[in-house]
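Asks: Given next are the chains, with one letter for each unit.
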Amino acid sequence: MTATAPAATDRAALALKVREHIVRMSTDGGCFLGASLSCADLIVHLYTSVLRLAPGRLADPDRDYCLLSKGHDVPALYGTLAELGYLDPARLANHLKPTDSIYWHPNRKVPGVEFHSGSLGHLLSVSAGIAYDQRMRQSPGRVFVIVGDGELDEGSMWEGLLVASAKRLDNLVVIVDRNAFQANVRTEMLIPLEPLEDKFRAFGCAPVRCDGHDFAALDRAFATLPLEAGKPTVVIADTVRGRGLPSIEARADRWFCNFTHDEVGALLKELHGEARATVQSETLIVR
Amino acid sequence: MSTATPAAQAYPTYADALHALVEADERVLVVTAENRGNIRKLPPILGDRFLDVGICEQTMIGMGAGLALRGRVPVMHALATFLVFRPYEFIRDDLGIPCLPGKLVGAVPGVLSDANGPTHQALEDVALMRGIPNMHVFCPADGEDLALGLPHVVGSPNPTYIRHNERPAPVRHAPFELGRAEVVLEGEDIGILVYGALFTEALEAARLLAAQGRSVRLVNMRMLKPVDADAIEATVRRCGLVVTIEDAFKVGGLHTILAETCLARGVLPRRTLAIAFDERWFTPALLPAVLEVEGLTAPRLAERIAAALA
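First to last, the sequence lines map onto chains A and B.
Numbers 150 to 436, taken from the working numbering, label the letters of the first sequence in order.
Numbers 3 to 312, taken from the working numbering, label the letters of the second sequence in order.
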């Protein structure tokens, strides 16, 4: 945690604004709403309270890095970058327009986006490469990589963990957005992942588990890094798909959403505690 | 044009050439997925600038991309098959899309896999790698060609696939220029376009044909991307028969490049002969036997070319 970590209530207020951005992106083509809402608190927490990073520090070789390996959650990052001054908020209106680089997966042309992703299982090893160079240069910088729990099906994730732990990359922090869903089904119904902490420990990492929507719990999880000297840290953040919108929370069929403008209006009200929205737009299952 | 005198090993080994680049440029790192055959002497010399990730090709490419994001030039090693095919999507996504200068050195490509069998035969590597936007492809004719080209391809800002080949050089090669072929022999009856390990046999076949009174132009392509289209067009315009020789599948390789270049330049060869593997893997054996059984020795190449002229 940095010395300037904002109060939990301030982070919650910021996360609410980020969720508004996400919901606004779920129309006119839509976005991966459910996965974006599950990691919104995590991303806000990282950018406000953990990362040694600021809009003016992107060229600093000793800064921290944050990469999205499950790239389809990028609306949460776009919203955070816009709120924190990395990205002109007006550009969010360019979502899916060919005149900008703001689309369903990250593109590093967007200020603050470190690397593109979209194919699962890639950025753990990219992050390990950054971490290896940081260590070679004796940089204080660290690398945080947000991965999906469904993404843990990919063999390259476990291969990357083997190598990261063999190379003792304790400046690498893997954050699992444990929203319990793959694209279309619950993880435990398809390829069960639990007990996850045991798996990460067996792969040479130091795991910690917390509520990924509770800023006080996140403060505790990230309080001391690395958790164990010589080991990559893994933060398993238990989250809820669609968090913030009770009408669609934890539903297998609300991963990618393309709502009408009226539905978006109702969902924005629901975000602020008003009545549950009734959304009837056809469910889209991608992948 | 090159001088046709033996080079007598007057050039550094691959390991020495690479070591010199690492010494000269702090950005260059040597990375391997537990493939050390061609760089055996480097681990104790390089310290943390040598990184062995174990048998984890996908992780090697991903880490290479991460290193490149930090300003490094990772030179990555594995057998050509494992380097290209297993992590192909990582190469495409993490080096190709961002155009990062990761360098991929594939060991025992093509016929150099000897008796390993089809799992180890990189015959579609050229087609796959040249299909990735931004990717360069360097296929040296022998050890000297490799040593000459290495500083240029490692120094380029593009991701690059290198078909490792340290067969003894049968000629002293001309200086290397990125994207330029080397005209080794000049002639008009036959134009031979060749790259990689079969250069030695192609050169000897050209000499045999010359001894039979044929005038032969021999072009060592060196790079298949960016390709020297001028050298190809000149061969097509000048020579009665254009022959492509490659230890690769016919699809997507040099013969395909010839066809693409002819269409793009609006030229038509009078006759062509494609010497490549067509829809099959080659018979596994030690290299001399592979060349014999697959009709790739110099005398057999000369026979096949003479037959195409008849």
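Hints may contain errors.
[Stated by the list, open to error] Between beta-carbon pairs, the in silico distance windows are:
| # | chain 1 | residue 1 | chain 2 | residue 2 | range |
| --- | --- | --- | --- | --- | --- |
| 1 | B | D27 | A | K258 | 24 to 30 Å |
| 2 | A | K246 | B | D116 | 50 to 56 Å |
| 3 | A | G205 | B | A117 | 55 to 61 Å |
| 4 | A | L339 | B | G133 | 50 to 56 Å |
| 5 | B | E296 | A | K258 | 35 to 41 Å |
| 6 | A | K258 | B | E25 | 34 to 40 Å |
| 7 | A | R257 | B | N118 | 38 to 44 Å |
| 8 | A | G379 | B | D27 | 57 to 63 Å |
| 9 | A | R257 | B | A308 | 43 to 49 Å |
| 10 | B | G133 | A | P344 | 38 to 44 Å |
| 11 | A | R206 | B | R240 | 39 to 45 Å |
Keep in mind the hints are simulated off the structure, nothing from the lab.
In this text, a Cβ means the ideal position worked out from N, Cα and C, and glycines have one as well.
Asks: Each hint should be assessed against the structure and marked as holding or not.
Replies: For each hint, the structure was consulted:
no. : hint                           : result
1   : B:D27 with A:K258: 24 to 30 Å  : holds, 28 Å
2   : A:K246 with B:D116: 50 to 56 Å : holds, 54 Å
3   : A:G205 with B:A117: 55 to 61 Å : holds, 59 Å
4   : A:L339 with B:G133: 50 to 56 Å : violated, 33 Å
5   : B:E296 with A:K258: 35 to 41 Å : violated, 48 Å
6   : A:K258 with B:E25: 34 to 40 Å  : holds, 35 Å
7   : A:R257 with B:N118: 38 to 44 Å : holds, 39 Å
8   : A:G379 with B:D27: 57 to 63 Å  : violated, 30 Å
9   : A:R257 with B:A308: 43 to 49 Å : violated, 55 Å
10  : B:G133 with A:P344: 38 to 44 Å : holds, 42 Å
11  : A:R206 with B:R240: 39 to 45 Å : violated, 59 Å
Of the hints listed earlier, those the structure fails to meet are numbers 4, 5, 8, 9, 11, in rising order.
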